[in-house]
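Assemble chain B onto chain A, guided by the hints.
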Amino acid sequence: MSGLTKFFPTPSDKMGVLWALSAIKGAYIIEYGPGGTTHYSMEGIFKINGEILSNTYTTHIDEDDVVMGDTEKLRKTILEVDQVYRPPYIFVIASSLISVIGTDVDGVIHALKDQVNARIITYQSGGFKGDYTVGVRRVLSDLAEHVVQPADCKVEGTYNLIGCCLDDYRYAANIRAIQSILSDALGLRCQCVFTVGCSIHEIEAASSASLNIVLRHEGRSCAETLARRFGSPYINAHPIGYQATIDMITAVAKSLNLVPDVQYMDAQREHARRCLMQSKGHLRRAASKSTVISGGYDAVLAYSRFLGDELGLSIDAALVNHVRPEGAQEPFLFKATEADKQLAVSKYSPAFLFGDAVLLHAAVHPCLKRQIQNPNLQRVITTTHKPHMGFDGANDIIEQLLNDAV
Amino acid sequence: MQFEYSLDNLNRLSQISAPKHIKSLSNALYPGTHCPLFGAALAACEVEGLEALVIGTDECTYYTQAFAIDRTTVDNNFWSYTMDHSDVVFGSAAHVGDAVREIHRVRGPRAILLVTTCVPEITGENFDALAASLTDELAIPVLAVHTEHFRCNSHISGIENTLLALAEVMQPQPIEPKKVNILGHRFGSITESELFRLLGTRGYSIHLTLPSKCHIQDIEAAPMAALNIVSDFTALPLAERMRERFGTPYVVFDKFLNPRRIDQCYSDLEAVLDTSLERELAPARQALFDKMEAARPLLRGKSFIYGNSVMAAFEVSEFLCELGMTPIVIQARDLYKNDDVYIQEILDQGHDPHVASIANIAPLRKLYPMIKPNFYIGHENPHDLIKHGIQQVTFDAASSRVGYELSTSIIDNLLDILDGKKNPMLAMMGAAAGHPGEVKK
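If you're matching them up, the sequences are chains A and B in order. The numbering of the first sequence is this note's numbering, which starts it at 104 and goes up by one. The numbering of the second sequence is this note's numbering, which starts it at 1124 and goes up by one.
Warning: the hint list may mix true and false statements.
[Stated by the list, open to error] No farther apart than 30 Å at their CA atoms in a straight line, the calculated lysine-lysine pairs in the DSSO-like style are these:
{"no.": "1", "chain 1": "A", "residue 1": "K179", "chain 2": "A", "residue 2": "K232"}
{"no.": "2", "chain 1": "A", "residue 1": "K179", "chain 2": "B", "residue 2": "K1495"}
{"no.": "3", "chain 1": "A", "residue 1": "K109", "chain 2": "B", "residue 2": "K1336"}
{"no.": "4", "chain 1": "B", "residue 1": "K1510", "chain 2": "B", "residue 2": "K1489"}
{"no.": "5", "chain 1": "B", "residue 1": "K1489", "chain 2": "A", "residue 2": "K216"}
{"no.": "6", "chain 1": "B", "residue 1": "K1146", "chain 2": "A", "residue 2": "K179"}
{"no.": "7", "chain 1": "B", "residue 1": "K1489", "chain 2": "A", "residue 2": "K128"}
{"no.": "8", "chain 1": "B", "residue 1": "K1489", "chain 2": "A", "residue 2": "K179"}
{"no.": "9", "chain 1": "A", "residue 1": "K216", "chain 2": "B", "residue 2": "K1146"}
{"no.": "10", "chain 1": "A", "residue 1": "K176", "chain 2": "B", "residue 2": "K1143"}
Treat the hints as calculated values from the structure; they're not laboratory data.
In isolation and in its complexed conformation, chain A is listed as follows:
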């Protein structure tokens, strides 16, 4: 039924905003609302294995503020953060409560414009304007529009990764994998990751990169803005599986007019060929190839291609946890609920489950399970060398298939 969930509701746009901002080094975030929301969200980020690199504060508000519409706490907190820490930008996020009572946050900030040095970027939806993809998209677009500054020139052999945020499962390992591949294959250097581990100053300087690589659809408007403002070209990629990884290298090489290292590519292709041959032989003996996938749109699309097209598994259900992105034509089930996941598992009794932890939990029958997305239930990640993306990610999936397929 609508609104009721046993595990996790679809995260709101406000949660997406906070997730996208929280891994930026030196970002200053003020949450305007009851303090418990901020405290809870900080702890919640740890539970999706995220690392907080921003400075996040709450104003807290009390009943007087709510009843009397008193915005003094917001005003004082902005002035204090501006004066004490002197950040170039302050991101102000209105809580759901502030959104519901209709406080004019922009009005408060407008009144402060002559007293504050920092540029203030506000998020007022309170979580009522859509799911987390809306919030992530908004932050990435705002960074491109308001934070990235013109550069003197493009730096050859550099690129930005756009759309890798701390809500991405195994984001740290995936970033390392992509950086390693593009370094080995093309000698490229990553300038900035929107929005994990980079500083505000690195984001400001991101326009000097020669290419932007968009890893999830929420980053496209960011890349389009950077193309419009700075003439930066971009490609879309989600390198899950061998072919998608090779496609990414090829697209990057083409865009930058480079030739991938032949020795490196031959070695990777040869290893991929052997792994695929071995796995297909193994899967031929499998009683069932039924597979169910769940997660974000880009992951579901990429996994369905790798598992279906390259490995020959039968993708019986592909469930996307959020609304259908603009232009997405695939016959996936969007806004998939817990009941949808339970139903897919009951209907197909899949031998292979690739998805978020809620999907994996739904299956009690023997099958191969691999968590590829959040929401997370209990899994703790400490390593950064086990990517799901790139050649190593594909190798690791095949290794699991060879060892654990039922």
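Chain B alone, transformed into the frame defined by chain A:
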């Protein structure tokens, strides 16, 4: 307006007579206090046979579920009803009613808790009426607990109100004279405590510890106990309610450190049980006095910031003063029962420290180089403390203890830290950071 983080922004202890006198060092708070929703989850997530439905925004419900999974298991008793803008404008009661019916159908619980949050409280829907109506319809207790954070400044009221709500599932029982309930104990196992061992020698056993991992049927039968022992003030409203409804007497046996207060707790217990415990208590009491005497020369003049512990801020600080230590800053959440007594006792010993609102570490860190305490009592990033030569003491290991042994173990903890025996990680970090002398040997 110029902002400067300074202790001068705070009130001194002598100026504290109401919660509003406990000021924050800054307007920008980090990380901020937990909210009552967290308190409700803490109190209810381990009760089998009870299902809880959180009504609120995606993030309130999402993070509560994450906490419940972390605290218990994936298949815990917490559910979410996520409000959208339509619920805000047109009301959510009908949908929440359907959600409760669905939970009832799927899980067949003996009781259901409706936990409201900030947004449904601000829209003003009457969830008490909804709970009453669902109680009639489903023939099980459906209880409403209100956890809006804009009417308080911590999670404490969430614990209090959830425990109080659970009184409504209780049923009159024949009294079992040798059964007691422990109310409010939420850290570790009470069965390992001095108090429990003592009760055991007189043939008493515990029927229920609340909050804890228990079944709702244990709560229903709680009035069978001849006595409630309140080991944390959060359970006082529940104890009062049980006395009103079932005549169950209670004694307060909080996690006090000062032996005078522990004496009083045991004295109250002796009066209710109509027995003398003196013979069994004497060794533990003497051990504490011996320990205090031995510790005073070592701790005299050592300064501290009180951050947090499972005990009461002012009572702990007062005890540390009795050991000769000097409070510089006491971080406190609120003013609770008898805090005025502890405050006066600290003042009477010649100390008048600053008092800061809890859960706001960031500005305090900027002051460490100036105030340079010997100890930080509570949770804080050890890296930030060690940089300034501050030794960290957490009292977590003593959290399950109640009675003289609690105070004794606290002193042992302090002396071990002072002696470099405890916290080897901190010692290692100090050495690695090139400041081996900061962890005193």
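Cross-check of the supplied hints:
| no. | hint | in the structure |
| --- | --- | --- |
| 1 | K179(A) to K232(A) | holds, 27 Å |
| 2 | K179(A) to K1495(B) | holds, 28 Å |
| 3 | K109(A) to K1336(B) | holds, 20 Å |
| 4 | K1510(B) to K1489(B) | holds, 12 Å |
| 5 | K1489(B) to K216(A) | holds, 27 Å |
| 6 | K1146(B) to K179(A) | holds, 15 Å |
| 7 | K1489(B) to K128(A) | holds, 19 Å |
| 8 | K1489(B) to K179(A) | holds, 19 Å |
| 9 | K216(A) to K1146(B) | holds, 28 Å |
| 10 | K176(A) to K1143(B) | holds, 15 Å |
Consistency note: the structure conflicts with none of the earlier hints.
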